[in-house]
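If you're matching positions, the sequence shown starts at 1 in UniProt numbering and goes up one per residue.
Simulated from the structure, these hints should not be mistaken for lab results. No residue lacks a Cβ here, since even glycine has one placed at the ideal position from N, Cα and C. Treat the hints with caution; some may be incorrect.
[Said to hold, decoys possible] In silico lysine-lysine, BS3-like type, Cα no more than 25 Å apart, as pairs:
no., residue 1, residue 2
1, K33, K307
2, K60, K2
3, K99, K308
4, K330, K228
5, K232, K215
6, K264, K178
7, K11, K308
[What the hints assert, rightly or not] Ranges between beta-carbon positions, derived for each pair:
no., residue 1, residue 2, range
8, E28, T277, 33 to 41 Å
9, T237, P9, 30 to 38 Å
10, C177, P9, 44 to 52 Å
11, D19, A286, 51 to 59 Å
12, P342, W176, 42 to 50 Å
13, A286, S26, 51 to 59 Å
14, E165, E28, 28 to 36 Å
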Amino acid sequence: MKALVVYPPNKGVEVKEIDSIGQSISGEEALIKTIANGICGTDRGIVSGLLKFSRPPEGKNNLVLGHENLGQVIDKGPNVQGLSKGDYVVSIVRRGCGKCSNCLAGRQDFCETGEFVEAGIRGLDGFMREFYIDNASYLVRIPNEIVDIAVLLEPLSNVVKAYNELMLTQKRMIWWCKDGSYDCRNVVVVGSGPIGLLFSLIFSVQGFNTFVLNKRDPFPIESEIIEKINAKFINATKDQLPNVIDMLIDTSGYPPAFIPLMDKLNKNSAVILFGTTGGEKFEVNADLITYLVENNVLLFGSVNASKKDFEEGVNYLTIWKYRYPNVLNKMITRVVKPEEAPEVLYAKPRGEIKTIISWV
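Please model the complete structure; the sequences and the hints are all you need to start from.
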């Protein structure tokens, strides 16, 4: 069958015929036909050879790429409950170590040993292939009503996790406004890619004043989406930022983009570090550390998501689809066939929010 294959940590990607699945389905597994994959910065980091933590499965020299996915069940084992042939599903990405308490409790996103594997990223073949077999416990059923936008679920699950972490930790004090809402709080999201827009959506829906920051003017589709979700785009090279920031989210992984904003952080504010990259440097001095300490600023990194976060993301997608008609569909700015995928994996097209690979 056809697949997109990489050879980490080396550069490159190719569309290749690989062996068919070649195994029977066990009692708790399902055979999935791939419908679509999203392309993200992690995929491009692997293809460019920049993400050195990427690795093939043990005993192989190559890795099937792809962690953002949507598929359809075409067969299943006799012990699979809650899924039927024809159901649409999204597979979760990280598989736990099977040793630490978090992994044993279904929170492999907080694995303590680091011995997890991640589909299409490290140690486990991914979903950019025509078919795959997965254990049903890793599958999240997708309602037919959101199949057209369900490829966004995997990136959204990461946003849901980070949002839930924030709201849990901010219970350390009274953070809401006098009327019980959050409309006195300013959220600045650094980056206007799909993760940045999904972060903006989740905060805007909750009533925060939401600002999306980039170092350029918005593309027309970005302007349309941001306006519809009642957020505001800021060109960092010329536009005025809010005087006070209550929540700063970096999706860029580029320190010069967000560290200079930290002196605008309000008392008891929070920073989420989500973006990752390599090689960039920016000096952090003792004055900034003192400022963060003296103002009770919370700073944390967040990565990956649990099955619970995926399932909560399904609810968000379902609600948002009807609250903001076509907004999520507009985030899918390009659809390519597998044969065309290497071109957009090597270089991000101008104006892209989310490019997906269609296998149907």
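**Request:** Please write out, lowest number first, the hints stated earlier that are contradicted by the structure.
**Result:** Checked against the structure, the only hint that fails is number 7, while the rest are satisfied.
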